[in-house]
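Enquirer: Same order as they appear, the protein sequences are chains L and P. Position 112 (the first sequence) corresponds to 112 in the working numbering; numbering is contiguous. Position 81 (the second sequence) corresponds to 81 in the working numbering; numbering is contiguous.
Be a bit skeptical, because a hint or two may be false.
Stated by the list, open to error - Computed from the model, here is a short list of chain P residues facing chain L with C-beta under 7 Å:
| no. | residue |
| --- | --- |
| 1 | 121 |
| 2 | 128 |
| 3 | 132 |
Think of the hints as simulated: they come from the structure by calculation, not from any bench. No experiment lies behind these values; they were computed from the predicted model shown. Yeah, the Cβ is synthetic: ideal placement off N, Cα and C, and Gly gets one too.
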Amino acid sequence: MATEMGRRAIALVKLMFKFNVDIPKDPIVNIQTTENRGFTPDEVAERCVEKLISVSDTTHPAIRDQAQAFQKHMEKVVAFYMREAIRSDRTTVYNALKDAGHPKLAELIRRL
Amino acid sequence: MAFSGNFMCTSFKQELLEGAHNFKNSGGDTFKLAMYTNSASFNAATTAYTTSNEVTGTGYSAGGLALTRVDPSTSGSTALTDFADLTFSTATVTARGALIYNTTTGSGSGTTDTVVVLDFGSDKTSTAGDFTIQFPTADASNAIIRIA
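Chain L with its partners taken away, still in its complex shape (with noise of 0.2 Å):
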């Protein structure tokens, strides 16, 4: 009976001290690549608000749409800045360019 009961006891110190640290086996990270150019404002804009605001499959069908909605719409927001953050730093570079000496590769960047 004591035998029994030290038994169960272990069993009980195994389960609660079983931690789970696995992953799938299927592909859980997302490769995107891009062929002769970068990507656009647009396509990290995504990838950004993918990871901000993350909604289940098993929200609610109402809040599910709205919480959708706001992401599409977040997309825009931070492809927008994006936009001007790219502008700005080409800004920055013309400049860099054509104080070292070079006003023709410095038009190049400020007319891409």
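Knowing the structure of chain L, use the given hints to seat chain P on it.
Expert: Then chain P, alone, in the frame of chain L:
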């Protein structure tokens, strides 16, 4: 020899219990991601980064790139951590999978202890473009590293 799925390395689980890995954003260890061709054969028994079958190409250097850590957090009864998406810029490479490994395990330096084997599912190619690894949503069900 080929990739056969994702694996959390068994050695990593042991090292977790030994307190050898620090995922904190500030002051944490340096984790890197190296990419491989489908000739590589990794599984849960993989313990160290190797240059064997590592991809080569423009915009990719042996050893891969360092990952940006995201502070560990909890969601319900699950603890999790994440990495920022990683991009190999202006790269011409084809990769089938990757290894995440710790180069400063236990406050050391130049270590090669593997954390996880990632299978991309198929060969992925970038040509004079960007090759981005997007990590899953950092929640209790999907985060790249979770303790449930």
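Enquirer: Taking the hints in turn, state whether each one holds.
Expert: To see whether the hints hold, each was checked on the structure:
Proximity of residue 121 of chain P to chain L holds as hinted, the smallest CB-CB distance being about 4 Å (cut-off 7 Å). Taking 7 Å as the C-beta contact cut-off toward chain L, the hint placing residue 128 of chain P at the interface holds, the least distance being around 5 Å. For residue 132 of chain P, the interface hint holds, the least distance from its beta-carbon to any beta-carbon of chain L being 5 Å, beneath 7 Å.
The structure shown violates none of the earlier numbered hints.
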